[in-house]
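Novice: Below, each chain spelled out in residue letters.
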Amino acid sequence: MFRLLDSVRMALRGIGSNWLRTLLTMLGVLIGVASVIVLLAIGTGSSQSIQNSIQSLGTNTLTVFSAGQFSSSGPQIRFNQLNAQSITLLSNRENAPDVKSVSPVISTSVTATNGTLTYTTSVIGSTPSYLAASNYTVSAGRAITSADVAAHAQVVDLGASAASGLFSVGSNPLGQQITLGNAQFTVVGLLAAKGSSGLSNADAVAIAPYTAVEDQLTGESTSFSELLIQGRSASTLSLAQGEVESILAAQNDTTVASLPFTVLNQASLISTATSSAKTFTTLLGWVAAVSLLVGAIGVMNIMLVTVTERTREIGIRKAIGARKLIVLFQFLVESVVISFLGGVIGAAAGIGVSHFTIAGVKPVLASYSVPLALGVALGVGVLAGIYPAYRAASLRPVDALRYE
Amino acid sequence: MTVFDARSDAASAPPASPPVIMLADVMKSYAMGSEVVHAVRHVDLRVDRGEFVAIVGASGSGKSTLMSITGCLDFPTSGHYSLEGVNIRDLDDRALSRIRNTRIGFVFQGFNLIPRMSALQNVELPLVYGGIPHRERRQRAVAALTLVGLANRLDHWPNELSGGQQQRVAVARAIGTNPALILADEPTGALDTTSSLELMALFHELHAHGRTIVMITHEHDIAAFASRVVELRDGSIISDRRQEPTSVGA
Ligand SMILES: Nc1ncnc2c1ncn2[C@@H]1O[C@H](COP(=O)(O)OP(=O)(O)OP(=O)(O)O)[C@@H](O)[C@H]1O
Ligand SMILES: [Mg+2]
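Quick mapping for you: the protein sequence lines, in order, are chains A and B. Residue numbers for the first sequence follow numbering that gives the first Met the number 0, so the first one is 0 and each next one is one higher. Residue numbers for the second sequence follow numbering that gives the first Met the number 0, so the first one is 0 and each next one is one higher.
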């Protein structure tokens, strides 16, 4: 019997007979496959960076905002507040069993100075529980304490970027005085770098007791614009959200449905972001698929041209004993080899390109994308080749031999 | 050259072995618009083992059409054709390919070698299709090329060979599978006198070794090398005579 190896060798000879054309045809598939891989990597990369930035907000956290929301109850308009009483109510174990900690958040952006060095930091005034809720760990010195909060102590824990911006290499910031706005703060602790995976740099912070921040920077207030609440676990986060919402509703004499605060659930944020990132990735995948389709049409076109050009050769082959199946196979193998080779080179190119940051996104190779792209390249070869190969196989030997 | 010697087959064959070609009332018609062209009409032809037949006739008399039918490249519109006793009508693509591969060797006017395949590869190709193992097909292809005097041109591409050499490669390809029938359509049509005579010498030798050859030609001095001349006119046989073949080198 006619052997597979012989027909593959024959197909390779056919491909080799017109290198430039083969290469140009391959280019279509190559670009298609490379763009599938790169675009999927960009999709995956951006979805991961969104997830990372949400995760950098903390672990199992709820954020309550009272961004100046008003509610009308009766004739007078009342300004709803998140205040010290809210914190007390929310910290009650009985009413809110799934809440682990509640931290007020006062944030303001100020220029920090240390001698001649300046650095724009975001100063966060809070309580010690804020550090754990936001995933900050102290790498040197100590964290701010409840005693600091009670004493309005002007002490600060510096994020890694802020510390390196304000202190020259080799000097020890611990115990040093820095100026935040117009006030002097003592650096008591340094925070381990979280990595600036988010949209904002989580390491450019200066965390101080909220009492001191109010005194020195934002002015005394009876309310907070934001509360960071940490739940006990990821699975009970939505329970915690329910508890928080009903406590705040009761405090403000309103219903949960018309609660004048926004409660952001980190878990649902992630799932929303993940699903929109998925949509984005799918969209990119389709764009890439279209370019692969164009490549496939190119392969089919060239295969049709090849079959026409080699009509006489097909006639000769049939005259000397090639049966239909063998002619079909020869051209099919040719098309598959062109596509697959294009696919392999395209995959290599795609992997190469994925190492660079593209449009601000660090692409992450989706593990499925390379086998997918290669599989598709194979499929393209078969689909684009089957009709031309069938045309070649069904040529009648007399007609093919007469062809000029 | 026992591989290419058909006499041993003939000797071992039973006395009542079927004729190589048996055409009975064969018609081939083409519909050209409203008109019907009868390229071959009511042809009866029997060619026995070991004959060297020349088919002559004016252009358009149906010679090539007849060859396509005898070569199993086409079917007759009506009538009956059997090759070595096998009715062609009953065969599918696979069986027909097998017959073309093993029982028939073609030599065409335009050589019809496959470009970008060396002389050796061209001669090997039918053996590849026949599923002959690598080593054996190489041996047979080299033997066939040696027989046609091209042992020193194995790795030449067709475009590196003269017309006469290309045609000899084609002959080598035709005989490499040890076929029952060699079909040649104007094999000297594109050759000069010297190459034509060389080719006829080769055909003469194959005939002397018992091969069955059917050769189409325009030229009477080429037909003179055959042992039998069949003349066609307008698709019908108008004469069929045996003759003493001219010996080559005369
Ligand atoms: N595929 C076809 N379609 C229509 N008519 C055809 C076809 N093939 C052959 N013919 C016609 O059949 C007739 C015989 O053609 P054929 O090629 O057999 O002649 P020939 O004897 O080989 O001529 P030449 O010596 O010029 O090669 C011609 O009239 C030709 O036009
Ligand atoms: Mg002809």
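Worth flagging that the hints you see were computed from the coordinates, not collected in a lab. One or more of the hints may lead you astray.
Cross-link-like lysine to aspartate or glutamate pairs, in silico, EDC-like; alpha carbons within 20 Å at most [said to hold, decoys possible]: (1) A:Lys99 with A:Asp5; (2) A:Lys323 with B:Asp89; (3) A:Lys323 with A:Glu308; (4) A:Lys99 with A:Glu244; (5) A:Lys323 with A:Asp5; (6) A:Lys323 with B:Asp91; (7) A:Lys323 with A:Asp398; (8) A:Lys323 with B:Asp73; (9) A:Lys323 with B:Asp92.
Now the in silico label distances, taken between C-beta atoms and shown as ranges [to be verified]: (10) A:Arg395 with B:Glu83: 39 to 45 Å; (11) B:Ser246 with A:Asn300: 54 to 60 Å; (12) A:Leu19 with B:Tyr29: 49 to 55 Å; (13) B:Gly130 with A:Ser275: 35 to 41 Å.
The model shown is predicted, which means the values in this text are computed figures rather than measured ones. Glycine included, C-beta positions come from ideal geometry on N, C-alpha and C.
Novice: Decide, hint by hint, whether the structure agrees.
Specialist: Structure-based check of each hint:
1. A:Lys99 with A:Asp5: Violated, at roughly 72 Å.
2. A:Lys323 with B:Asp89: Holds: Lys323 of chain A and Asp89 of chain B sit about 17 Å apart, inside 20 Å.
3. A:Lys323 with A:Glu308: 18 Å, holds
4. A:Lys99 with A:Glu244: 15 Å, holds
5. A:Lys323 with A:Asp5: Judged against 20 Å, a Cα distance of about 16 Å means the pair holds.
6. A:Lys323 with B:Asp91: Distance of about 11 Å is within 20 Å: holds.
7. A:Lys323 with A:Asp398: 15 Å, holds
8. A:Lys323 with B:Asp73: 15 Å, holds
9. A:Lys323 with B:Asp92: With a Cα-Cα distance of about 7 Å, the restraint between Lys323 of chain A and Asp92 of chain B holds, given a limit of 20 Å.
10. A:Arg395 with B:Glu83: 39 to 45 Å: Violated, since Arg395 of chain A and Glu83 of chain B (Cβ atoms, about 23 Å apart) do not stay within the stated range.
11. B:Ser246 with A:Asn300: 54 to 60 Å: Because 56 Å falls inside the window, the suggested range holds.
12. A:Leu19 with B:Tyr29: 49 to 55 Å: The hint (49 to 55 Å, Cβ to Cβ) is violated, given that Leu19 of chain A and Tyr29 of chain B are roughly 40 Å apart.
13. B:Gly130 with A:Ser275: 35 to 41 Å: 59 Å, violated
The structure does not agree with the numbered hints 1, 10, 12 and 13 stated previously, though it agrees with the rest.
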